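Asks: Sequence:
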Amino acid sequence: MVEASETVATDVADAATEPKRRDFLTLVTLAATGVAACGFVWPFLDSLNRTDPGAAAAPVDVDLSTLRPGQQVVVVWGGKPVFVVRRGGEALQRLQDPALDRRLRDPGSHEKQQPRYADNWHRSIVPEYGVLVGICTHLGCVPKFRPVPDPGAGFPGGYACPCHGSRFDLAGRVLSGSPALYNLPVPPYSMLNATRLRIGENAREPGYSLDDVRQL
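Under the numbering used here, the residue at position 1 of the sequence shown is numbered 1, and the numbers go up by one with no gaps.
Calculated directly from the structure, the hints in this document are not laboratory data.
As the structure is a prediction and not an experimental result, all values here were calculated from the model.
Even glycine gets a Cβ: it sits at the ideal position worked out from N, Cα and C.
Where hints are given, some of them may not hold.
What the hints assert, rightly or not - Restraint-style ranges between C-beta atoms, simulated for each label pair:
1) Pro206 <-> Pro151: 38 to 46 Å
2) Asp63 <-> Asn202: 16 to 24 Å
3) Thr66 <-> His164: 17 to 25 Å
4) Val75 <-> Pro162: 34 to 42 Å
5) Gly140 <-> Val73: 28 to 36 Å
6) Arg116 <-> Gly165: 12 to 20 Å
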């Protein structure tokens, strides 16, 4: 009788222990997977930000000759994605719409997120071309280019962050209600001629750099 009781007790204990073992193995597997994923993502993110802290980023020239209205190119400058967008007539009209201004957190760009030469309604040197650092001012994700307006969703066209839903117009101005508090920064840049610009080199405000912005 004692042996039977001991056998039953052992079986019950094993049955109770088995789920715990499975749970533990599951946690170990998930942890290993998480570490592997981080190992893959981190080098990619780190490669974007691998710059010499003691040296200024080298300027990058952008050819605008083939960029049509409504199109955008993305270049990497100083380890950061920079959006260069060509805005057509309708897009420029929307940027000046008083109804849009009322929906923006900082329509007049009063926060220091751009140089003085971009302190205007289009936040650029030339209204037709916008130049923006493509990093959401909420938690650093890269916003998606969404140039087509969606009136039903109250979106004027611009940029939508896939991480937490922040939205910006085509001048990089953040819409009210977004998690992001600040407009997208404007990097130092200059227009070399009508179809070429240079990112990383000021022509009108030599001392400006991204270190001057409120938030990047």
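Asks: Run every hint past the structure and note whether it holds.
Replies: Okay, the hints, checked on the actual structure:
For Pro206 and Pro151, the Cβ-Cβ distance of about 42 Å falls inside the hinted range of 38 to 46 Å, so the restraint holds. At about 20 Å, the CB distance of Asp63 to Asn202 agrees with the hint of 16 to 24 Å. Restraint check, Thr66 to His164: a C-beta distance of roughly 34 Å breaks the suggested window 17 to 25 Å. Roughly 20 Å separates the CB atoms of Val75 and Pro162, a value that falls outside the hinted 34 to 42 Å.
Separated by about 21 Å at the C-beta atoms, Gly140 and Val73 break the suggested range of 28 to 36 Å. The hinted window of 12 to 20 Å between Arg116 and Gly165 is violated, with their beta carbons roughly 31 Å apart.
Consistency with the previously given hints fails for numbers 3, 4, 5, 6, ordered from lowest to highest.
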